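*Asks:* Position chain R against the provided structure of chain H, taking the given hints into account.
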Amino acid sequence: MDLREKIGRRGAKLFEDGMLVNLGIGMPTVLSNYIPEGINLTFQSENGCINFGPAPGEGYEDPYLTNAGAMPLSVLPGAAYFDSATSFALIRGGHVDATVLGVLEVDEKGNLANYMVPGKLVPGMGGAMDLVTGAKLVVAVTEHCDKKGNPKVRKACTLPLTGKAVVDVILSELALIRVTPEGLVLEEIAPDTTVEEVVSKTEANLIIPADGPKVMEY
Amino acid sequence: MARVITSDEAAALINDGDTIMVGGFLGIGSPGTVIDAMVKRGVKDLTLVCNDTAFPDKMTGKMIMNKQFKKIIVSHIGTNKETGRQMTAGELDVELNPQGTLAERIRCGGIGLGGFYTPTGVGTPVEEGKEVRVLEGREMLFETPLTAKVSYLKAAKGDKFGNLRYHATGMNFNPVMAFAGETVVAEVDELVDFMDPDDVHTPGVLVDYIVRRGR
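Residue numbers (the working numbering), protein chains in the order written: chain H, 158 to 375; chain R, 174 to 388.
Pulled out of the complex, with its shape left as it was, chain H reads as follows (with noise of 0.2 Å):
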């Protein structure tokens, strides 16, 4: 298993049967490969269309229908088209029960940082900051470390922050944390890791549960 397909098994486990979900693109779309069987999840994407399918075959793309990457969509049936403010009022309002979103920085207090670095990234937030403002469960999915080996999970955020006090589930390729007032609490391991590589990698202060963690099942 890759670590897209780790975090992508674990994640959609997190989901309970009839939320409506949203998923940030990139990382957070591989979730819904592995959804249980027994879990039916209503998808969301926010430039306006709720149960959306897979990507059309070739010749069968409606060029008024893709998700909110410019990708091509399909619809189920019970599917609903809206415009943005009404989108928004979905998220928002809290009528929409799981978030999943990309990190660059995710810190003790929940804080998330994913939508710009000043000087050399600056994509912008996109739905971001409303999602993270709005939706009931914030899951932050990613690599324990960036590409240089540096802990994403931080004691403080240094980038600009999308959220301030909004994860409730930070999950990598080595644990699963959940954001709790008392701090960072390592909940599961990956079966392939150790306590002690799981907190040299992490930057953060983390609680250790005094059973241990569970080992992650997928």
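Hints listed in this document are in silico derivations from the structure and should not be mistaken for laboratory results.
Hints are all accurate, no fakes.
Restraint ranges, calculated between C-beta atoms of paired labels, are given here:
1) H:368 with R:317: 47 to 55 Å
2) H:174 with R:317: 38 to 46 Å
3) R:213 with H:362: 53 to 61 Å
4) H:360 with R:182: 54 to 62 Å
Keeping only pairs whose Cα atoms sit at most 25 Å apart, straight-line, the calculated DMTMM-like set for lysine to aspartate or glutamate is:
5) H:266 with H:354
6) H:277 with R:300
7) H:277 with R:255
8) H:312 with H:344
9) H:277 with R:301
10) H:321 with R:268
11) H:321 with R:300
12) H:312 with R:301
13) H:170 with H:194
In silico negatives: residues of chain H with every beta carbon more than 12 Å from chain R:
14) 192
15) 235
16) 339
In this text, all values refer to a predicted model and were calculated from it rather than measured experimentally.
Glycine included, every Cβ here is placed at the ideal spot set by N, Cα and C.
*Replies:* Same frame as chain H, but now just chain R:
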């Protein structure tokens, strides 16, 4: 009745320095024929209110390549590298808004409200310079309305009364922008005499001009 005009006439409604709104999300649901006419006319120093700047070869992205904006109010610029380059070079003022905040600012501008408080953006760079108030037990930012001299929309279908019907995710920002422009131009794929009232998404009383795609 909405007047049917050409894309060149639609582009001539604005002059250097004006503020425009353009519907669309990464170019989907944007008025492509009118945008091409605006590129041809070459008006400069515009302020753009739009979700994004699409791609370099698409929709508002073409106007970015043609350096027609002095300021853009958007939620995302990551799909058009030239936008980022102009921003970094100090040639373009980019005001990034959370997408829901952008939609709601446009909505407020068009429906006679003086702004709104939102929890989105608290504790982020978006908060800078804004009033913060605790409402419903939560910190919230005050956001102001947005309006424009002309809103340029795209609909799948329009009728001679200006009624519009969008298709799929091509709807996006178009319905709120229909309220927020002093003048409203809608480019349509199909123009009919009249529509079933049940099919109307944007009532025609808001729409001043119709342009047929490709004309």
